[in-house]
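Based on the hints, put chain B in the right spot on chain A.
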Amino acid sequence: MQIDLRFFASVREALNVAEERVDTVPAGIATVGDVREWLCTRGPVWAETLGPQRPLRMALNHTMVPASTLLTEGCEVAFFPPVTGG
Amino acid sequence: MPIRVQTEDFDLSEEVRRLRANDLRVGAIATFVGTVRDLNDGKDVSRMTLEHYPGMTEKALESIVAQACERWRVFDALVIHRYGELGPGDQIVLVAVTSAHRGDAFAACEFIMDFLKTEAPFWKKEATPQGERWVDARETDTAARERWVVGEP
Numbered sequence: 006m007q008i009d010l011r012f013f014a015s016v017r018e019a020l021n022v023a024e025e026r027v028d029t030v031p032a033g034i035a036t037v038g039d040v041r042e043w044l045c046t047r048g049p050v051w052a053e054t055l056g057p058q059r060p061l062r063m064a065l066n067h068t069m070v071p072a073s074t075l076l077t078e079g080c081e082v083a084f085f086p087p088v089t090g091g
Numbered sequence: 006m007p008i009r010v011q012t013e014d015f016d017l018s019e020e021v022r023r024l025r026a027n028d029l030r031v032g033a034i035a036t037f038v039g040t041v042r043d044l045n046d047g048k049d050v051s052r053m054t055l056e057h058y059p060g061m062t063e064k065a066l067e068s069i070v071a072q073a074c075e076r077w078r079v080f081d082a083l084v085i086h087r088y089g090e091l092g093p094g095d096q097i098v099l100v101a102v103t104s105a106h107r108g109d110a111f112a113a114c115e116f117i118m119d120f121l122k123t124e125a126p127f128w129k130k131e132a133t134p135q136g137e138r139w140v141d142a143r144e145t146d147t148a149a150r151e152r153w154v155v156g157e158p
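Going down the list, the sequences are from chains A and B. For the first sequence, this note's numbering begins at 6 and goes up steadily by one. For the second sequence, this note's numbering begins at 6 and goes up steadily by one.
For reference, chain B alone in the conformation it holds in the complex:
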């Protein structure tokens, strides 16, 4: 269940190839890639800086992935999250999950992203023509997380 927090970019195809290597039980691979948009809350974004909490970040991600693996039948899972300076179009995060069937893979992948958004210590700062600003947390992200707590998968 690899977790990587890094400044370097990643290659989706390469990561998926590695994740499923020689595992013929795998019938489903769900992946999510988050990227930097050039517009947020009506303002042009020219650059984004991602800060994190070394040590806690890895611990939080490992806990989230472990919870996903307890709830669904998952063979393997991968989370890569970048930090540092990124520009519009750059990749920020990758979550990939392998399973026998798509239901488990989809659900586990979405669960990991929803918990990552609300529990992993990352913060975004955007550079816009009006200056730099920290991105506020969104109510919709909290709601996305809550549905996993209230309802059953």
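One chain only, chain A, in its complex shape:
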């Protein structure tokens, strides 16, 4: 399965990545929360930025969703801190 990743604000700055295409999601990764856990295995900076201790928000195809939300082919998954507009 192919997915696109997006990172915003302090998450983008910490990872030094704004977006990335993953051509083949590793086997066993089915939900948005699974993606987050998988990304944490990439190294200390990823684990520190995306780890469960962080109050991150996640979006699937431009809608905020819980970690249990299932991925779909070609979906866009975004990670960002709680919003602060207005």
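Calculated from the structure, these hints are not laboratory results. For clarity, every value in this text was computed on a predicted model and none was experimentally measured. Treat the hints with care, since some could be wrong.
Covered stretches of chain B, going by a simulated chain A footprint (3 or more residues, C-beta under 8 Å) [to be verified]: (1) 23-31; (2) 102-112.
Quick partial rundown of chain A residues pointing at chain B, CB under 8 Å, derived from the structure [stated by the list, open to error]: (3) S15; (4) V88; (5) G91.
What the simulated footprint calls covered on chain A by chain B, stretch by stretch (three residues with Cβ under 8 Å from a Cβ of chain B suffice, anywhere in the stretch; the number is not a length) [claimed, not checked]: (6) 8-14; (7) 23-29; (8) 49-58.
Note that beta-carbon positions come from the ideal geometry of N, C-alpha and C, so glycine has one too.
For chain B alone, coordinates are given in the frame of chain A:
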């Protein structure tokens, strides 16, 4: 129900004039304008940078306005939110709602702002004499949103 996410400034009078144009049913117009303060959490703020998530931002704002229009008798609503670099005193956001009576207009306007603060993907970064820092989300904003979910309007 126009939604605009833009770098340009806006003119409150002009936007309200356009919103109520030729609609003689309108008896109430509630507006909210948010501006950049020069002080936050005890630190001087010289500049603010607003980031957003193009595509999701518009979708989130449209959903929030649609929810407001379902809950209250609203004729029209407008949301303008700026992004990019702003300075103290600059306007950040405008919410305007027209209705027949003030109760619906006030409530819908406040609901839109409370949901915008917690669900629209915008982030603020402040420049202070001690350096740049991302603004943390506030518990009070979450509480402001929750009261609409728990209680009735």
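Task: Numbers of unmet hints, in rising order - done: 1, 2, 7, 8
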